[in-house]
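Student: These are the residues of each chain, in order.
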Amino acid sequence: MNKFRLGLLLLALAAGLAGQEGKDALQRELEKEVMAPCCYGAPVSEHESEAAKQVRGQITQLIGEGRTREEILDMYVAIYGERILAQPRAEGFNLMAYVMPPMFLLVGGILLVYIINQMKTPATATATRRKKTYSDEFFDKVEREMKEMGI
Amino acid sequence: MALFGATLIQLAFLLTLSAIGMSAWYFWKQDLRFYVGARRSLIGASLLVIGAALTLIQQLLVGNYALEYVARYSSRTNDGIYKIAGLWAGMEGSLLFWASVLGTYIFLVSYFNRKRNRTLMPIVNIVLGIVMLFFLFIIINFENPFRVLPLGTAIEAQGGTGLNPLLQNWAMLIHPPLLYLGYVGFVVPFAFAVAALVTKRLDATWIRSTRRWTLIPWLFLGAGVILGGRWAYVELGWGGYWAWDPVENASFLPWLTGTAYLHSVIIQEKKNMLKMWNVVLIMITFTLTIFGTYLTRSGILSSVHAFAATDLGIWFFGFVVFIILSCVALLVWRKDELSSQRRLESFTSRESGFLFNNMIFLALAMAILWGTMFPILSEAVRGVQITVGSTYFNRITAPIGMLLLVLVGVGPLLSWRRTSRATLLRNFTWPLAAGTGTMVIAMLLGMRQVYPLIIAGLVAFVLAGILIETVNGIRARRRLAGEGVFLALRSMIDKNRSRYGGYIVHIGILCMFIGFAGKAFSTEQDVSLGQGESEILKGYTFTVDRFYTEEHPSYSAFIVDLAVEKQHRPVTVLRPERRHYTNWEDQPNTEVALFSRPLEDLYAIVGGYDPESDKVLLKIMINPLVQMVWLGGIILILGTLVALLPSRAERKAKEVTA
Chain D
1 MNKFRLGLLL LALAAGLAGQ EGKDALQREL EKEVMAPCCY GAPVSEHESE
51 AAKQVRGQIT QLIGEGRTRE EILDMYVAIY GERILAQPRA EGFNLMAYVM
101 PPMFLLVGGI LLVYIINQMK TPATATATRR KKTYSDEFFD KVEREMKEMG
151 I
Chain L
1 MALFGATLIQ LAFLLTLSAI GMSAWYFWKQ DLRFYVGARR SLIGASLLVI
51 GAALTLIQQL LVGNYALEYV ARYSSRTNDG IYKIAGLWAG MEGSLLFWAS
101 VLGTYIFLVS YFNRKRNRTL MPIVNIVLGI VMLFFLFIII NFENPFRVLP
151 LGTAIEAQGG TGLNPLLQNW AMLIHPPLLY LGYVGFVVPF AFAVAALVTK
201 RLDATWIRST RRWTLIPWLF LGAGVILGGR WAYVELGWGG YWAWDPVENA
251 SFLPWLTGTA YLHSVIIQEK KNMLKMWNVV LIMITFTLTI FGTYLTRSGI
301 LSSVHAFAAT DLGIWFFGFV VFIILSCVAL LVWRKDELSS QRRLESFTSR
351 ESGFLFNNMI FLALAMAILW GTMFPILSEA VRGVQITVGS TYFNRITAPI
401 GMLLLVLVGV GPLLSWRRTS RATLLRNFTW PLAAGTGTMV IAMLLGMRQV
451 YPLIIAGLVA FVLAGILIET VNGIRARRRL AGEGVFLALR SMIDKNRSRY
501 GGYIVHIGIL CMFIGFAGKA FSTEQDVSLG QGESEILKGY TFTVDRFYTE
551 EHPSYSAFIV DLAVEKQHRP VTVLRPERRH YTNWEDQPNT EVALFSRPLE
601 DLYAIVGGYD PESDKVLLKI MINPLVQMVW LGGIILILGT LVALLPSRAE
651 RKAKEVTA
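Protein chains in written order, with my numbering: chain D, 1 to 151; chain L, 1 to 658.
Quick caveat, the hints were computed from the structure, so don't treat them as lab data. Computed from a prediction, not measured in an experiment: that's the story for all the values here. It is possible that some hints are incorrect.
Here are some chain D residues the structure puts well away from chain L; computed CB gaps all over 12 Å [unchecked claim]: (1) G7; (2) G22; (3) L26; (4) K32; (5) Q58; (6) Q61; (7) I63; (8) E65; (9) T68; (10) D74; (11) M75; (12) M100.
Covered, in the sense of this in silico footprint (three residues per stretch, anywhere, with C-beta under 8 Å from a C-beta of chain D), are these stretches of chain L [to be verified]: (13) 348-356; (14) 378-384.
Covered stretches of chain D (chain L as the covering partner; in silico rule of three or more C-beta atoms under 8 Å from a C-beta of chain L) [to be verified]: (15) 42-55; (16) 84-95.
We put the beta carbon where it would ideally sit given N, CA and C, even for glycine.
Whenever a hint applies, use it, and build me the whole structure from the sequences.
Tutor: Following this line, the structure appears as structure tokens:
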């Protein structure tokens, strides 16, 4: 029975420690996701202003009260607007922010495969043999004259 | 002197205008005297602009606080060296600096091409002249650094406001000039590309003529970006070196597209292919440099680097639009001349590898540009202000960066024209084995984070590829020329400097990626400690020995002596400071205390002091592998220098012609 009680005690202690670790991790995560409301120049994790310090304290308090990550972020958005988030939420119009970069890669890749395929087809005779134009002759003449003048 | 400086700029404007006019006249009338006149005018204008910049430096050094610019960006208490930094600390001076760097490039281009590229140079001069004219127009009409303060102004009497404390750091003395040398330098290959289009000289001549003119700004820009990272790391006090700030991004974008260009020109040099692509790439690169200047000076994006919001935005935006439209018109005009006469033979060729590398560089640049501009787009479309910060950029750039790393390894393993199955198998077996083996070992050692694991594998893959290629080259030379190992290596590098210089740059990039991966293992702790109290972090014991205040002529500093021990052995004493500068009371400045070891950095900053508890607030960090980022930067510079310097054969040929 004593062993059982000791086991329960250790289990509770471990759960408590894990809980604290989880809170710390959430704190760190949130500090990186909320911008300093003084200048919106850096997340509160990196900013040293009074406003940033205040937000860090608030986050600790809110986590202590048992608020979830989303609840805390929602609260800040309600007060300061979407600008307070270090990255836009992937929803609505903001989804474009996340969709476009992989699209650049995808479209670029497809386009490149197409171009390489095109470049693999043999060149036509007209493309390979270019006639000398008036412009060429003009510039040849200019170059000759410049050489003669020693410029 | 104010009048003298302003007159120099105005004269330079007139000379530039006449240079452009004479060049145009030369084209119309084909009278070569006008070409000579245009060239001399442009050189004269450049020297005048350089003279104006030197005049401003002299005014900063002697402390002529009657000049508004000197009074705002310098002070009696600033050290002499930081007085010089005043040149690029404010909008007016930095624009003059931009123009003087352009003037230096114009002078050098004219000198080195005095007997070369005779057909291209008149057009090159027109392009360089137009860019110079734009900057001089802005300086004269909006941002004159030689404006005199009204008599008896307080700022003059107190001897100037002084340089922003954040800029009072050695890296800030070098970082902006390097960035400017990089930014402005891309105008040279751009001008040659335009000249090649206009004169239809689209073979590889203009590419060969501008190889060094491209490598030099690329090197400067790269070194400037890395040094900017170093400044952020030691000065801004958040423990990182890259914050994906809009202005940082603006400097990174032309470097990325410039890198793509440096790779793709190899194909035109060797195979006379991708003419259109190369011209487009250098046009994009140059446009991005002006666009970056626009971002920094328009005030449309908030950034720690940006100058105060001004009306200049519309002018810069107009200039960017002018450049884009002119480039598109030129490309359409010359599209028939730009078609390649040679064809690709296979997907598994080095040519294709270069093309994929280009595509990924461009996709990465587009993704960063998209993220940078997205807040503006959001405000325009939804009327909602949003932030796109480092979390976003890390998320979108990391996978693209990995792909790029794959291609850094794959490219050199492919053969020109076509790689047979047997060659593929032979070239890829060892690098793949090295990559996979490294990942397995890293996992066995307990590494579980995905990105660091992939980076470890890819670094080994790329490194093995370079090593095998180099060893094979040495073996071949030893067999053919009977040289010793070191002599074979030396002559191999000397005979193909761009290739091996490129490999050295790749090794530098690998080191940087190792440094980036180290970020995943960094540890930080906010602590509040009284005198004699300690905190243990990752086996290090940090003890506050004492804290005190020191008075200096231009600032007062709150300093903490933080003794660091590991396993009861003293490691170092960190001395983080919090400074209050006399003229910048509202902007307390943190001075980072940094102790670098080969594998990790100990990093501390003072957050503040709580008089009630008599404790100091400290942020302590242990940042692994940051040194690899700086080491990578140094290797990158060395590699570029190897590619830049002439080979023995080139030097001999020059001696013969001399």
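Student: All the hints need checking, so say for each whether the structure fits it.
Tutor: Hints, one by one, checked against the model:
Every Cβ of chain L is farther than 12 Å from the Cβ of G7 of chain D; the closest lies at roughly 29 Å, confirming the non-interface assignment. At the 12 Å boundary, the C-beta of G22 of chain D stays outside the reach of chain L, the nearest C-beta of that chain being 17 Å off. Residue-level check passed: L26 of chain D sits 15 Å from the nearest beta carbon of chain L, beyond 12 Å. The Cβ of K32 of chain D sits about 6 Å from the closest Cβ of chain L, inside the 12 Å cut-off, so the non-interface label is violated.
Every C-beta of chain L lies more than 12 Å from that of Q58 of chain D, the closest at about 15 Å, which supports listing it as non-interface. Every C-beta of chain L lies more than 12 Å from that of Q61 of chain D, the closest at about 15 Å, which supports listing it as non-interface. Once the 12 Å rule is applied to beta carbons, I63 of chain D is consistent with being away from chain L; the minimum gap is 15 Å. At roughly 20 Å, the least C-beta separation between E65 of chain D and chain L is larger than 12 Å, which holds for a residue marked as non-interface.
Its beta-carbon lying about 19 Å from the closest one in chain L, T68 of chain D satisfies the requirement of being farther than 12 Å from that chain. Once the 12 Å rule is applied to beta carbons, D74 of chain D is consistent with being away from chain L; the minimum gap is 15 Å. At roughly 17 Å, the least C-beta separation between M75 of chain D and chain L is larger than 12 Å, which holds for a residue marked as non-interface. With a cut of 12 Å on Cβ distances, M100 of chain D falls inside the contact zone with chain L, its closest approach being about 5 Å.
Coverage of the stretch 348-356 of chain L by chain D holds in this model, with 3 residues showing a Cβ closer than 8 Å to a Cβ of that chain against a need of three. Under the rule that three or more residues need a Cβ within less than 8 Å of chain D, the assignment of the stretch 378-384 of chain L holds, with 4 such residues. Counting residues of the stretch 42-55 of chain D whose CB lies closer than 8 Å to any CB of chain L gives 7, so the stated coverage by that chain holds, three being the minimum. A stretch counts as covered by a chain when three or more of its residues have a beta carbon under 8 Å from one of that chain; for the stretch 84-95 of chain D and chain L the count is 7, and the coverage holds.
Of the numbered hints listed earlier, those contradicted by the structure are 4, 12.
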